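Student: Residue numbers (UniProt numbering), protein chains in the order written: chain A, 1 to 416; chain B, 1 to 416.
Don't read these hints as lab results, they were simulated from the structure.
This structure is a prediction, so every number in the text was calculated from the model and none was measured.
Treat the hints with care, as some may be off.
Computed, partial: chain B to chain A, Cβ under 8 Å [stated by the list, open to error]: (1) Ala172; (2) Glu177; (3) His256; (4) Thr322; (5) Lys385.
Yeah, the Cβ is synthetic: ideal placement off N, Cα and C, and Gly gets one too.
Number of protein chains: 2
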Amino acid sequence: MASLAVHSKKHKVCIVGSGNWGTTIAKVVAENTQQHADIFESEVQMWVFQEQVHIPKDNRHYKSASDQPQNLTEIINSVHENVKYLPDIPLPHNIVANPDLVAAVKDATILVFNLPHQFIAKICQQLQGHIVPHARGISCIKGLAVSDEGCELFSERIGHELGIYCGALSGANIATEVAQEKFSETTVAYAPPEMDSRHPTPSGTPLPDAKGEEIDMKILSDGVQAGKKKLTPLPADYPPLHHGNMKKLFHRPYFHVYLVNDVAGVSLGGALKNIVALAAGFVSGLGWGDNAKAAVMRVGIMEEVKFGKMFFGSSVKTETFTEQSCGVADLITSCSGGRNFRCARMAVEEGKAIGVIEERELNGQSLQGTSTAYEVNSFLRKEGKEKEFPLFTAVYEILEGRHRPEEIPDLLNAGG
Amino acid sequence: MASLAVHSKKHKVCIVGSGNWGTTIAKVVAENTQQHADIFESEVQMWVFQEQVHIPKDNRHYKSASDQPQNLTEIINSVHENVKYLPDIPLPHNIVANPDLVAAVKDATILVFNLPHQFIAKICQQLQGHIVPHARGISCIKGLAVSDEGCELFSERIGHELGIYCGALSGANIATEVAQEKFSETTVAYAPPEMDSRHPTPSGTPLPDAKGEEIDMKILSDGVQAGKKKLTPLPADYPPLHHGNMKKLFHRPYFHVYLVNDVAGVSLGGALKNIVALAAGFVSGLGWGDNAKAAVMRVGIMEEVKFGKMFFGSSVKTETFTEQSCGVADLITSCSGGRNFRCARMAVEEGKAIGVIEERELNGQSLQGTSTAYEVNSFLRKEGKEKEFPLFTAVYEILEGRHRPEEIPDLLNAGG
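Given the sequences, and given the hints that come with them, work out the whole structure.
Tutor: Dropping the structure here:
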C-alpha cells in the first residue's frame with residue numbers, strides 16, 4: 001500500500017566526519033537530499049575537524065591561490081572541494097562544512113558517523129545533550145571492538161552514548177572509487193525501533209522488501225539495541241525512516257544500496273574479513289593457485305557466519321555474509337589486492353615474518369588483519385571456542401609461528 | 001547412532017573417462033578405496049578411450065622408451081601414469097585402465113562419469129543393459145545443457161538413459177592442481193533414492209550432517225529424478241550409500257568434500273558462473289576497480305540462485321550457491337584468472353569484439369561463457385523472464401553490441 005501521507009517536516013542530515021570516506025558519503029547523501037526534496041532538507045551539514053591547509057597551486061578553482069594556509073571549512077564552502085582529503089572531486093553545493101560540532105548537528109534528525117573509531121568516545125561526549133532526542137544514526141565506521149570482555153559494535157556504542165538508535169553502512173567500497181562514481185554496492189543495516197512505526201504489527205511480520213520504497217513503515221526492532229536505553233520515538237510529522245527512505249538517502253546510480261536489519265552481521269563482515277584475507281594471502285604465497293585461495297575464502301565466510309550467530313544471537317543472518325556487499329563482496333575485494341592479503345602473501349613467498357613485510361610495505365601503518373586475528377583469538381580462547389573456528393585459529397597460530405601455512409588444509413580438516 | 005552392521009559386499013567403482021580430470025578423480029577415488037577397505041573394493045576400473053601414444057623420452061619410468069607408439073591403457077597399467085593426459089603424476093597401482101567399456105563397468109555399483117559432455121549419449125547407449133541394475137552414478141561433467149526446450153542436467157540425462165540414480169560433483173577445482181595435491185574443496189550432490197534407505201523416515205526428516213559418517217542412512221530423494229524411471233533398490237548386503245560413505249569415496253586431506261542434496265544447484269553453478277565471469281571481465285576492462293567487479297560477482301551469484309529456484313523448483317537451495325565450493329568459490333576462481341574473465345577484460349581494454357580476442361587467445365577453442373550466455377538468454381526470452389535476470393541479459397546484450405559495458409550499473413539498477 002502506497003503511503004499518501006504528507007509530512008510537515010523533513011529530515012535534516014549531518015555527516016559527522018570529513019575524511020576521505022566521510023566526504024565521499026557527504027557527496028552521495030547531498031546528491032540524494034536534492035533529489036528527494038519531499039523527504040530531506042537539501043542542506044547537508046558536514047562536521048569538519050578544523051585544519052589550516054594550503055590550496056594546491058594547480059587547483060582549478062583557485063588559480064591565484066595565495067601561499068597562506070586557510071581554514072579547511074572555508075575552502076570546502078567556497079570551492080566545493082575537500083582539497084585535503086578528497087582532492088579533484090567536485091562536491092554538491094548543498095554540503096555545508098562546519099567546524100562547530102554542536103552547530104553542525106543542530107536540528108539534524110539523521111546523523112551519519114564517518115570518522116576513525118578512536119574518536120567515537122570523544123565526539124559522543126561532546127554531542128551529549130546537543131542532539132535532537134529523536135535523531136537516528138548510521139555508522140559508516142568499519143569493524144567492531146573485540147576484546148576479552150566481548151565484542152562491541154561501533155554503532156551500538158554510538159547508540160548507547162547518545163541514547164539513539166544507530167544502524168550501520170558497510171560494503172565493498174573504496175572512498176575514492178565511490179567519489180569518482182565508479183560502480184560499487186554497499187549494505188545499510190537499519191532495523192529501526194518498533195516505536196517509530198506508525199502501524200505497529202505483530203512481532204515476526206515479514207519486513208518490507210528493500211525495493212518497496214512506498215510501503216508504509218512496518219519495520220521491527222532487531223533487538224540488538226532494544227530495551228537498553230529509552231529511545232524517543234520519531235514524531236509523526238516526519239517522514240518515516242523505513243528501508244525505502246533510508247535507501248533514498250544513500251542509493252545512487254553508481255552506488256547501489258541494499259537494506260537489511262542485521263546491524264551486527266554488517267559490522268562483523270568488515271572486521272573479520274581481514275583475518276580471512278591473511279589466510280588467503282598465506283595460501284597464495286605457497287603458490288597453491290586460485291582454487292586453494294577460493295577454498296580458504298569460502299571457509300572464512302562460513303566462520304564469519306558462525307562467529308556472528310554464536311556471539312550476537314539470532315538477529316545475525318547467514319545471508320548478510322553470503323549474499324550482501326558487506327560480506328562476500330567485501331571479502332572478495334580484500335582478497336584481491338588488499339594490504340592484508342598482499343603482505344601475507346609476500347611473507348610466505350619471501351619466508352619472512354609478516355611484521356617485517358608490514359614495516360617495509362606500509363610506511364609505519366599496521367595491518368588491520370593481524371590485530372583483529374589476535375583480538376578475536378584472545379576472545380575465542382576466553383570463551384573456550386578456539387577449536388570451533390579452525391581458520392581463524394590457524395591464522396593466529398601461523399602469526400605466532402606455531403604452525404606453518406602448509407598445514408592449513410589439515411587444520412581445517414581436523415576442525416571440520 | 002553408529003551403524004554396527006557388517007555388510008557382506010563391497011562397492012566396486014568404475015571411472016568412466018580418463019582425460020585430465022577423469023584421471024585425477026580416479027587417483028582420488030583409488031586412494032580412498034584403499035583406505036576404506038570395509039566399504040569399497042580396492043581395485044578401481046578406469047575406462048580409457050584407447051589411443052596409441054608415444055612415451056615421452058624423459059619419462060622417469062621408461063628410460064629406454066622405444067619410438068613405437070603403445071596403447072595408452074598398457075602404458076597406464078605398466079608405469080602407473082597417464083602420460084598423455086596427466087603427465088608426471090604417479091597413479092595408485094589399484095587403478096586398472098580398461099579400453100573395454102562394458103568390461104570396465106562389470107559389477108561396478110558406483111559409476112563416476114568424467115568425460116566431455118558430447119560423449120554422454122554414445123556412452124550411455126553402449127552401457128545400456130550392461131551395468132549393474134542397482135548401480136549409482138556421480139557425474140563430474142560441469143554444467144548443463146540449456147536450450148529453448150529447457151535445461152537438462154547431465155546427471156539427469158545419465159540417470160534417465162541408464163535407469164539409475166546419478167548425483168553430481170562440481171567445485172573450484174583444476175585437475176592438475178588436485179592431482180598435484182594442492183589444496184582445494186569440492187561439492188558432491190547426492191540425494192539417494194528413498195528406497196535405498198534401510199530405515200525409511202517420514203518425508204521432511206532432517207538430513208544427517210555431512211560429517212556424520214556413522215549415521216544410519218536416512219537420506220531422502222530430492223525429487224529431481226524420483227518417479228521418472230523405476231529404480232532398483234540397493235541390496236541390503238552392500239554398505240549404504242549415504243553422505244558419509246560418499247564423502248569417504250572422494251574426500252582427501254588435500255581435497256575437502258562437502259555433501260549436499262541439491263544436484264541441480266551444484267550443476268548450475270558450474271555453468272552460469274561463466275556468464276558472470278564475462279560480466280566481471282567487462283567491468284574490470286573499464287578500470288572500475290575490484291569493488292565494481294565484486295559487485296557484479298555478488299549480483300551474479302544471486303541471479304544464479306534465482307535461475308535455479310525458478311526453473312528447478314524447491315529442491316534448489318540458496319546455500320548451494322552462496323556457501324559451497326561449486327557456487328561462490330568456483331565463481332571466485334573463474335573471475336580471478338579464468339579464460340572467460342580474461343578475454344572479456346581484454347575485449348573492453350582493447351575496444352575489440354570478444355570473438356576477435358577469443359580467436360587470438362584460445363587457439364581455435366571457444367569460450368564457454370559466450371555460448372552459455374546465448375543459450376541462457378534464448379531460454380529466458382522464451383520463458384518471458386529476461387527482465388528478471390538483468391545481469392545475464394546485460395551480458396547477452398553487450399555481446400550482441402546493443403549495450404555497452406559502461407551501462408551495466410544502470411541495467412542492474414533498472415532490474416533491481
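Student: Each hint: holds or not?
Tutor: Now the hints, each set against the structure:
| no. | hint | in the structure |
| --- | --- | --- |
| 1 | Ala172 | holds, 4 Å |
| 2 | Glu177 | holds, 5 Å |
| 3 | His256 | holds, 6 Å |
| 4 | Thr322 | holds, 4 Å |
| 5 | Lys385 | violated, 18 Å |
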